Structures are given as C-alpha cells and as structure tokens.
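K.L.:
Residue-level listing of the chains:
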Amino acid sequence: MAAPTPASGGRPVYIVDGARTPFLKAKSGPGPFTPVDLAVQCGRPLLLRQPFAATAFDQVILGCVNVIADEQNPARVAALRLGCGTAMTAFTVQINCGSGMQSIDTAYRYIREGTSDLILAGGAEALSYAPLVLKQDAVEFLAALNGAKSPLDRVKAAAAFRPDMLQPVVGLERGLTDPITDLMMGQTAELTGFLFGVTREQADAYAVESHLRLAKAQQEGWLAGEVEPAFARDGTLHDHDDGVRPDSAVDKLAKLKPVFERPYGKVTAGNSSQITDGASWVILASEEAVKKHGLTPKAVIVDSDWAALDPSIMGLGPVLCSSAVLKRNGLGVSDVELWELNEAFAAQVLSCLAAFEDEAFGRKVLGLGGAAGTIDRARLNIDGGAIALGHPVGASGNRIVLHLVNGLHRLGLKRGIATECIGGGQGGAMLIEAV
Amino acid sequence: MAFDAQHDLVLQALKDRERDLGPRPAEGVTSPWKTWTLARDGDNYAWALLDLPGTSANTLGDQVLEELDSLLGTLEQNRPAALIIRSAKAGGFIAGADVSQFVGASDPAEIEARMTRAHQITDRLEALTIPTMAVVHGYCLGGGLEIALACSHRIAVEGSTFGFPEVQLGLHPGLGGTVRLTRLIDPLQAMQMMLTGRTQPAKKAKALGLVDAVVPERHVRAAIKAAVEGKLPHAKLTLRARVIDSGPARAVVARQMRAEADKQAPHDHYPAPYALIELWEKHGGDPKAMKAAEIVSFAHLMTTGTAQNLIRVFFLREKLKGLAGKPPEVRHVHVIGAGAMGGDIAAWCAWQGLRVTLGDVKPEPIAGAIRRAAELYDKVGHGAPLKVRDALDRLIPDPKSEGIAHADLVIEAAPENLDLKHRIYAGVEPKMKVGAVLASNTSSIPLQKLREGLQRPERLVGLHFFNPVSRMQLVEVIRHDQLDPKVEAFARGFAGMIDRLPAPARSEPGFIVNRALTPYLQEALIMLDEGVAKETLDKAAEQFGMPMGPIELTDTVGLDIALDVSEMLKRDLNLPGPDAPDWLKQKVADKHLGRKTGEGLYVWKGGHPVKAKGAPAPDPDMADRMILPMINTCVALLREGAAEDADVIDAAMIFGSGFAPFRGGPLHYAKARGVAEVRAKLAELADKYGERFKPDAGWGSFT
Numbered sequence: 007m008a009a010p011t012p013a014s015g016g017r018p019v020y021i022v023d024g025a026r027t028p029f030l031k032a033k034s035g036p037g038p039f040t041p042v043d044l045a046v047q048c049g050r051p052l053l054l055r056q057p058f059a060a061t062a063f064d065q066v067i068l069g070c071v072n073v074i075a076d077e078q079n080p081a082r083v084a085a086l087r088l089g090c091g092t093a094m095t096a097f098t099v100q101i102n103c104g105s106g107m108q109s110i111d112t113a114y115r116y117i118r119e120g121t122s123d124l125i126l127a128g129g130a131e132a133l134s135y136a137p138l139v140l141k142q143d144a145v146e147f148l149a150a151l152n153g154a155k156s157p158l159d160r161v162k163a164a165a166a167f168r169p170d171m172l173q174p175v176v177g178l179e180r181g182l183t184d185p186i187t188d189l190m191m192g193q194t195a196e197l198t199g200f201l202f203g204v205t206r207e208q209a210d211a212y213a214v215e216s217h218l219r220l221a222k223a224q225q226e227g228w229l230a231g232e233v234e235p236a237f238a239r240d241g242t243l244h245d246h247d248d249g250v251r252p253d254s255a256v257d258k259l260a261k262l263k264p265v266f267e268r269p270y271g272k273v274t275a276g277n278s279s280q281i282t283d284g285a286s287w288v289i290l291a292s293e294e295a296v297k298k299h300g301l302t303p304k305a306v307i308v309d310s311d312w313a314a315l316d317p318s319i320m321g322l323g324p325v326l327c328s329s330a331v332l333k334r335n336g337l338g339v340s341d342v343e344l345w346e347l348n349e350a351f352a353a354q355v356l357s358c359l360a361a362f363e364d365e366a367f368g369r370k371v372l373g374l375g376g377a378a379g380t381i382d383r384a385r386l387n388i389d390g391g392a393i394a395l396g397h398p399v400g401a402s403g404n405r406i407v408l409h410l411v412n413g414l415h416r417l418g419l420k421r422g423i424a425t426e427c428i429g430g431g432q433g434g435a436m437l438i439e440a441v
Numbered sequence: 162m163a164f165d166a167q168h169d170l171v172l173q174a175l176k177d178r179e180r181d182l183g184p185r186p187a188e189g190v191t192s193p194w195k196t197w198t199l200a201r202d203g204d205n206y207a208w209a210l211l212d213l214p215g216t217s218a219n220t221l222g223d224q225v226l227e228e229l230d231s232l233l234g235t236l237e238q239n240r241p242a243a244l245i246i247r248s249a250k251a252g253g254f255i256a257g258a259d260v261s262q263f264v265g266a267s268d269p270a271e272i273e274a275r276m277t278r279a280h281q282i283t284d285r286l287e288a289l290t291i292p293t294m295a296v297v298h299g300y301c302l303g304g305g306l307e308i309a310l311a312c313s314h315r316i317a318v319e320g321s322t323f324g325f326p327e328v329q330l331g332l333h334p335g336l337g338g339t340v341r342l343t344r345l346i347d348p349l350q351a352m353q354m355m356l357t358g359r360t361q362p363a364k365k366a367k368a369l370g371l372v373d374a375v376v377p378e379r380h381v382r383a384a385i386k387a388a389v390e391g392k393l394p395h396a397k398l399t400l401r402a403r404v405i406d407s408g409p410a411r412a413v414v415a416r417q418m419r420a421e422a423d424k425q426a427p428h429d430h431y432p433a434p435y436a437l438i439e440l441w442e443k444h445g446g447d448p449k450a451m452k453a454a455e456i457v458s459f460a461h462l463m464t465t466g467t468a469q470n471l472i473r474v475f476f477l478r479e480k481l482k483g484l485a486g487k488p489p490e491v492r493h494v495h496v497i498g499a500g501a502m503g504g505d506i507a508a509w510c511a512w513q514g515l516r517v518t519l520g521d522v523k524p525e526p527i528a529g530a531i532r533r534a535a536e537l538y539d540k541v542g543h544g545a546p547l548k549v550r551d552a553l554d555r556l557i558p559d560p561k562s563e564g565i566a567h568a569d570l571v572i573e574a575a576p577e578n579l580d581l582k583h584r585i586y587a588g589v590e591p592k593m594k595v596g597a598v599l600a601s602n603t604s605s606i607p608l609q610k611l612r613e614g615l616q617r618p619e620r621l622v623g624l625h626f627f628n629p630v631s632r633m634q635l636v637e638v639i640r641h642d643q644l645d646p647k648v649e650a651f652a653r654g655f656a657g658m659i660d661r662l663p664a665p666a667r668s669e670p671g672f673i674v675n676r677a678l679t680p681y682l683q684e685a686l687i688m689l690d691e692g693v694a695k696e697t698l699d700k701a702a703e704q705f706g707m708p709m710g711p712i713e714l715t716d717t718v719g720l721d722i723a724l725d726v727s728e729m730l731k732r733d734l735n736l737p738g739p740d741a742p743d744w745l746k747q748k749v750a751d752k753h754l755g756r757k758t759g760e761g762l763y764v765w766k767g768g769h770p771v772k773a774k775g776a777p778a779p780d781p782d783m784a785d786r787m788i789l790p791m792i793n794t795c796v797a798l799l800r801e802g803a804a805e806d807a808d809v810i811d812a813a814m815i816f817g818s819g820f821a822p823f824r825g826g827p828l829h830y831a832k833a834r835g836v837a838e839v840r841a842k843l844a845e846l847a848d849k850y851g852e853r854f855k856p857d858a859g860w861g862s863f864t
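Those protein sequences? They're chains E and Y, same order as listed. When we follow the numbering used here, the leftmost residue of the first sequence carries the number 7, and every step to the right adds one. When we follow the numbering used here, the leftmost residue of the second sequence carries the number 162, and every step to the right adds one.
In case anyone wonders, no lab produced these hints; they're calculated from the structure. All values reported here derive from a predicted model rather than from experimental measurement. Check the hints yourself; a few may be wrong.
Claimed, not checked - Simulated restraints on C-beta separations:
#1 E:161 - Y:379: 39 to 49 Å
#2 Y:581 - E:231: 24 to 34 Å
#3 Y:181 - E:185: 44 to 54 Å
#4 Y:214 - E:57: 30 to 40 Å
#5 E:92 - Y:180: 53 to 63 Å
#6 E:121 - Y:379: 36 to 46 Å
#7 E:92 - Y:416: 31 to 41 Å
#8 E:92 - Y:368: 42 to 52 Å
What the hints assert, rightly or not - One side only, chain E facing chain Y, incomplete, derived with CB under 8 Å:
#9 31
#10 32
#11 36
Unchecked claim - For lysine-lysine, the following DSS-like pairs were computed, each having C-alpha atoms within a straight-line distance of at most 30 Å:
#12 E:33 - Y:540
#13 E:304 - Y:592
#14 Y:594 - E:33
#15 Y:540 - E:297
#16 E:222 - Y:523
#17 E:31 - Y:548
#18 E:31 - Y:594
#19 E:298 - Y:594
#20 Y:548 - E:420
#21 Y:592 - E:33
#22 Y:594 - E:304
#23 E:298 - Y:592
#24 E:298 - Y:540
#25 E:304 - Y:523
Ideal Cβ placement from N, Cα and C applies to all residues, glycine included.
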C-alpha cells in the first residue's frame, strides 16, 4: 500500500472525539428537539468527557440546512447554550447534504493553515420542523394588506385575495426538489439507476441489508460512545436510531409502490433514506492542542475533495470526489479498507458502485486507464446507513466521518473514505487514517 | 447562560454605566442626612436617593422616615419641577419596614403613635403639588410599596417586583397601603394582593395599573420626562371597580373573601386577613376614615401572638440564612441517584444557576427526573421560556457519571442501603477533584458508618433535604466527629447558595426533624388502632395548626419510609412504646405505600387523599396526645445538644415539617403555654397511656 502524500503542506489535523444523537424518524408534526436542541443533547456529553473546558475551542462550526426562525445562526446559539462562552465565534455552513462534512472540512483547513488549534465541527437537522410555506403571491398579498393604511386602501388590498392563496406548500417537498432541473432527489436516483442498470430487486436487497446491519450494530452495542441518549422534556428517553426495522425483508419491500415516479419507478419509501432529525459533533485538533490538553487522537484527516456535476445525476457525486482524492494521494480504490458512502437511495449507492466498476466511466470521466475498481460490500456501510438510520440532511456528512473513524478503530483498520452525494449536483469526500 | 458562565469582558467593563441614579451631588457638599442624598438635574428635577449605610438592602425605619420628612421640608422651601425617588442599592427599591422595630411590641397605643407619625410623613409626600415619582428597580415590598404609592407616579424598571407581604407576618399594610392601593387599582385585585402577600412582576403591575410604565434602564429618563409632562397614560378604574367600591357591594364581596381566606388561614390562628377584610368592608368608601382605622387595626395586630410569632419566624429564617455564611466556590454539582429526592435536588440546583450532572445506574430514572424538572420550571418560571430552557440546559443527564471529575460537590441520593452507598463511594472517591466535597442525603444511616472505607472521611458531610425540595426550605447539615470544619462551613454555605436554610445538626438518629416528627406520626397510628377515624386525627392536628395531619403526612412521606425511620429510631435510641403495628408492615409488603402508589392509609385521587365526610369531631385531648411527644422530643434534642440552641430546633421544625408557624415553633409554643403545664400534661398522659409520654430529663433546665 503506498504511503499517502497530503495534498499540500500544512499541519496535521486530528479527529479527537465525536458523538451524535440517536437519529429520530420524523412523525407528524415537530419532533421533541429543534436543530439546536439536538446539537446541545449530543454536545453536552461529548464536552463533559473532554479534559478541556468548552471555552477552550477557537471556534464552533455547524452544518444546518433547515434553520428555524428562532435559531438564526444555529452554530452560535448552540455554542452559547453549550457553555462555550460569549467570546466564542461560531458560524453555520450550508451545502445541502454536504453541510455536516463541510463544517469538518472548513475546520480542517483553519487548523491546517495555523489559524486555529481546536474546533468543534458538527451538523444538525430537524426535518420534522420543516415549515409549511406560503406561496409567493400569498406572501405579497398579506404584506400589501398589512401595509394598507386607510380603510379604502385596505379594501383595495383585500380585493386581490384568491382562494388558492390558502393552500400552503409543504416546505420539505420544495426543499428536496432541485431548482435547476425541477427533479425531486428521488427522481435523480431513478435516473442514475437507469443509466447503470440497477434493478428494483437489487435496490430492495441493498435496503434490507442496511436495516439488518444497523440492527446488528445496535444489538452488539457497537454504537456505544458514538450515540449519546437524548432526554426530552416530556420524560421520553431516546436512546437508539428509531428508523431501523430489524425485521426488514425483500418480500415486505417488494410490496411497496414507487414513491417518486409512478407507476414504473423503482425507488420506493422502503429503499430510500428516511426523513429524520439528528445532530452530530466532531472535535478537531492540531498537534499543539493535542499536546496542550493531553488528548488521544483517533484519526488524522489526510485529504478532502469536493466535486460537481449535473444536478440530474447528483447521486454520482461521490464517485468523482472519492476518485479525485485517491488520485491526488497516489491511491486506488483497493487501497481503501473501509467506506462510508451515504445512502441517499439504494439505487443511488448501487449506481456509484457500478460507476466505479464501469470501464468507460473510468476512462472518460475519472481520467483513469480503465475502471476505478470494485468496492467490497463487506467494507461498505458496515453498520447500515441512511436507509435504516435516516438522513438528517445537515448532519449526515458529519455522522459518516464520525462512524468511519469508530469503524476503523473497531476493526483495527487504517485507511478509509467517507463520501456523500449532494443535492444540486455535488459530492464531498474525506480521506481518513486511524491513529 | 448554560454552563461555565464566563462573564463577558465587554459587559463587565461597562457595568458601572448600567444604572442611572441621577445627577451627582455638587463637589464637596456632604448630605445633611445619613440615609438620603438630594441633587438637582438639568431639568430642575430633584433626585432623592435612598442608600442605607452598612447594609445591602434599604428598609423603612424611623431614621429613614424622619430624614425623608426633613428632605421634604427642604423641597417645599425650594420647589423643583419634580421629585424622583430612587434606591441606590443594587438589589432593589425598599424591602419593607425594618421588622426588628416590631419585635416585642405589646402596647397598641405606642404603635399607633409611631404609625400616626409615619403617616404624617407619607401624607406630606403625597401632598406635594409637583409631580413625584418612584423609580423602582428590583424588589418593592411592604413599606417600600407604600412610599411608592404616596407618589403621583410609579415607573418600574424591567424585572422589578411589587408586593405587600405583611400578611405573612400576621399583619396588613399599615402605612396607608390599604387605602392607597384600593383606590389606585381595582379594589378586588388590591385586596387579593394584600390577602395573599404574593409579589407581582412588573408587567403584571402595569396591567393592574399599579405602575405607570415598565421600561428598561436605558429609557428611565425619557419615561420620567413623559410622566412630568403629563404624557404617560394613567390607568383608570373600570366601571366594575367603581361599582364594587360601594358599601353594599363591598359587603357581598367581603363575605366571599372571608370564605376564601378560611380555606388557607383559619380565623382562630390567623386574624390578619380578616382584619383587612373588615377594614375595607367598613371603610372602603372613605379614605380618611380608612387610614385612621388602618393604623388602629395594624397596631392591634402587631400585638397579637400570631404576629409576634410570625415575626419570630421571620427572624428564625434570617438566623438560618446567617448560618449559611459565605457562598463557597461551587460551579458544578454531581448528583448520584435520579429518584424522587435526587432528581428534585438536581433540578433545584440547576434552577439556581449551577451546572448539574445527574447520574443513575439506568438512564430511565434520569429521563423521569428531566420531566419532573421541566414541570417544576414551567411552574416557578411563570412561563419564562428562556429561563426554563437555560435551566434545562444546565441539568445534564449523565448515565456514565462523567460529571464526577468536574464536580465541586457530589451529592449522593441513592437508596438507604449501607452496602450500596459504600460501593458507590468506593467508585466515586477516586474520581473526585482534590478540593471537592462528598455529601449524602441520607436520612437514616449514621455518617459514622457511611464514612467507613473512605480515603478522606473528613470531607463527607450530610446534606439532608426535605420533600419537595422546591417548597421545603430546610436542609439539615449533618456533622460527624471526623468532619473537617471547613467542609461543614462549605455545606452550610452551599445550602444558602441555593436559597435553602441550613440547620446544623449532629449525626444522631433522625437528626432533628425526623426524630421529632416520628412520635407524632406513631401516636396517630396508635390512636388509629384504638378506633379513632383517620379524618378525625388529621382534623385534630390541623386545628392545632399543622399544615397537614399525621395520617395524610404518613401517606405523603410513604409508609415504607415512615416505617423504616420509626424502626430505626426505636432500635438506635431504645425508645419506649409499642413496635410498629403488623397491619402497617403488611401494607408496606402489599405495596400500599400511600400517595406514591395511589393508596396507603387513605385512597389518593389526583394527588389528594379521599377523606370521608361526617367523621366525628376531635376530642380536646387528641391534639395533645400527638403534638406533646413532638415537643418532648425537641426538649430531648435540646438537652442532648443536637443543635446549637432552641431557636435552631424551632426553625428546623417550621421549615422542615411546616410546624404551625403562627405558634413560633414547638419549643416556643411550650414556653408560651407554660413549661410547667406542658410537663404536667405529659406526666398525666404517661399515667394514662404509657411510658412513651414520660417528660424528658431536659424539662428540668428548660425555661
């Protein structure tokens, strides 16, 4: 195995520790925790087990897509509620599904260039809080009515009312639709699945595997220390990812109808990621910070890459950025011992695997001599993924890095990649080595 | 703020600009008064600043009033455009009258004379023709509120609170407050305020019309100007309020008020609410007559046993607060055990601003504790969502007990099992910070046993809380002969820090409160066995003045705990008297434990016991049979030197078990009733019912 050469100079950046909340499936109405509540629930126990105070960070960065009105710049609100002190700078990042990884990447670059030594980087999302959104013309109507001063003006403004203004739009639906192509995320999975010959049966089988792997990990206690229980105000204890179906089976999934493109589609609710609330944090440190606080790093970030492609096939994003990061470090697919590839949809994951194995794709797109390689399924998403766990959009990127690090340690492996596709046509990848 | 509150550097640097106390007096000029300073600003407004030397709170005493009179004289000679009255104290405006001036009052005529003089002074303030305004920050209570009411305007700074707590001292307002309040705002609301003694937050005070504006500190000057220029809207009395002000209407309302008051404060024991109601009913329409009658009524109440005893209770509270001393350096508390007590203690500490980690062997009890904490915070937070959120952020569930390494104080509130506690301490002690203190909430295990096996037994102290922690202010601070005095001081200081009252006690069985309460509860069970109805027994104790009868109390504490304590006391102190009855042990075995299981001695529905109607009225002797053993035990405790003095024992009983406050405490009651008489009664009961009533040897030296 070739030794990696980091992309450019700069100090090593260590991942010291991390924790996440259980991921909670969105039910009807807002869940028990807002995005910042979630960040606080897993942040508290994480910070409690560090030898330094919450005020020791140089900054706090949080990925969050659906920011709620009461929590503008959730990174700062979370930092204050976690006791980081009023002098803590904090900002929020947003690159759709990549937000939780972007926070880590940004932190990585600050530390690498020497500006910061210790950063708390996370991701949080509460999709159950996604609002009902008024149509634009309804908003304009209300604004005009509110601004009307004289009774005559008010009558004029009121006359503009039309009944269909009363129909709000589900914000979540709009949020999951690409603005350029007008395709819902699931439709892009239908497309990539088609382009790489993924069948319904294969997608369902993959989905079942995700559930069974997560169920096993929960049973074996492999998520202890990564998942910290969350305690709601009403006394409910949330201590495990609750979207899992331990009894998942292909015959059950086969009964489901396609959810995005009826009647012929292959993507169903059963082989897609779930709508979920969750948060995750990772602590990043320079060598100096490690020495100063007596820390025991778990991993080092070797490199990262972001790639972009047509939004209609956004699901292939991971192939591009993973390939780029491997190339830059003189590595091949077979040099990676463990993979976390976010399961936006089963068909999307399988499309990526097929693209890695595709000779023409390797030559024309990845600039390789032929196919990039085959990913061993036994080393991919070993404890399940977003299909079983759920995909809280702003948090997933953070979770897959955290879980990759924990997985490398558990299996005694060294090198891994965490990668994910990003709505809008992008992909992010991090190359990580256990220490 | 959540944990590790770091005071913002920028805010700290600007702190001295936060409050606007008006113009500085001219250079080199010293004030002719000790408690007041007077200065004029650019608009020719006079600012009178009240700042009692040598204390952190302003109170209204003779000196303050006489100097105010002199100050008013100065203003009458050289009229300003307006007068502003403010307090220079950080905590608030005026906390009320100087209560120490009331102690031992026995001559109504003398009190009337003093109050008449005080009225003259506030009347003089009211009579000023210029606009006068009280600018209030923080608390404004009792006599302080009466000064504010004598002004033409009241401006409240955000966060201020207003109230007439006199009824809690067995009095009612006596400096014109009964008249001025019922004429300023809706008389019914005014009467409610005075009858309950409850404090109103600034917003509520504005809604009532009690204050004219609520502003943040930065707009005080502008609000003053608006008031002087007549631009502040004055609240007007509603039509309903005017109608109620008529004689016949007052009579109807007064009847209702009396019925309500009777539910909380029976007339025999608490004359003040009824005196107030009568005062308003008779004179409500005639301010001059009402003021005169107020003075007479106030003076009379001051000399009643109830008022003197409630004033005594006020000072008992101050005494225990004084025992707290300096607050220690505590930022983080770890609580072991998320049961009813542990969860409660943790919730209370977090509410008081501490970071608290709450551990337990399982996460489920912690989740239950969080729910109970959220419910408590909603109640005491008066729906202030940010305060509730911040307190919940500070209350950290800690199933892995990571908090121990950060804690300045570890409080163990695990089940009462010596082996279990030893095992807990063995695991905890090595993780604790060097200077941290280990405390136990044990009620029945001696600290001499608990400390066995500890590397540093000198830092183990008892912190015995009462249930529910948010309402029962007492904490028994338990010492043993190896305890480091600094740790004992730490524990007392900690109790004060979380707004509780420390009663230092020795590590002897039952400490103070449980030891004294147990014979009371036991005797009730004996009488129950004799065939007396439980409702009758409870009624007898309530008529004496206990907030809750012994049967209801036993159910509330829990039959299992009551049984445990009584068996422990009997065994460890070799007390005479019968063993606990078999039927009680059976009930415990059957898990009929009282309120917490829905049934014990009573059946409980919706948090209240279901009491049968028509139970026979109590015999006159019944109360004595239950109460006198309690008093006998207090005398024993005094003799044994279990507490510093009789006052601490009385205070512990009042604040830990609710012993009839209007009686001033069990030992005080014995003195008031007559030591010889009580002793003789005990001897008589001993003859009749058994050795357990035998007067303790301590009666000999108890005077």
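K.L.:
Look at each hint and say if it fits the structure.
P.N.:
Status of the hints after comparison with the structure:
1. E:161 - Y:379: 39 to 49 Å: Because 41 Å falls inside the window, the suggested range holds.
2. Y:581 - E:231: 24 to 34 Å: holds (27 Å)
3. Y:181 - E:185: 44 to 54 Å: holds (53 Å)
4. Y:214 - E:57: 30 to 40 Å: For residue 214 (chain Y) and residue 57 (chain E) the Cβ distance comes to about 48 Å; the hint is violated.
5. E:92 - Y:180: 53 to 63 Å: Once the Cβ atoms are compared, 21 Å apart, the range 53 to 63 Å for residue 180 (chain Y) and residue 92 (chain E) is violated.
6. E:121 - Y:379: 36 to 46 Å: For residue 379 (chain Y) against residue 121 (chain E), whose Cβ atoms are near 37 Å apart, the range 36 to 46 Å holds.
7. E:92 - Y:416: 31 to 41 Å: With a Cβ separation near 56 Å, residue 92 (chain E) and residue 416 (chain Y) fall outside 31 to 41 Å, so the hint is violated.
8. E:92 - Y:368: 42 to 52 Å: Given a distance of about 33 Å, which is not inside 42 to 52 Å, the answer is violated.
9. 31: Residue 31 (chain E) check fails; min Cβ-Cβ to chain Y is 19 Å, beyond 8 Å.
10. 32: Result: violated, 21 Å to nearest chain Y Cβ.
11. 36: It is violated, given that the least Cβ distance between residue 36 (chain E) and chain Y is near 15 Å, above 8 Å.
12. E:33 - Y:540: holds (29 Å)
13. E:304 - Y:592: holds (24 Å)
14. Y:594 - E:33: violated (44 Å)
15. Y:540 - E:297: Violated, at roughly 47 Å.
16. E:222 - Y:523: Roughly 22 Å separates the two Cα atoms, so the pair holds.
17. E:31 - Y:548: holds (29 Å)
18. E:31 - Y:594: Violated, at about 40 Å.
19. E:298 - Y:594: holds (20 Å)
20. Y:548 - E:420: violated (47 Å)
21. Y:592 - E:33: Violated - the C-alpha atoms of residue 33 (chain E) and residue 592 (chain Y) are around 42 Å apart, more than 30 Å.
22. Y:594 - E:304: holds (27 Å)
23. E:298 - Y:592: The hint holds at about 22 Å.
24. E:298 - Y:540: With a Cα-Cα distance of about 45 Å, the restraint between residue 298 (chain E) and residue 540 (chain Y) is violated, given a limit of 30 Å.
25. E:304 - Y:523: holds (28 Å)
Hints 4, 5, 7, 8, 9, 10, 11, 14, 15, 18, 20, 21, 24 from the list above are not met by this structure, while the remaining hints are.
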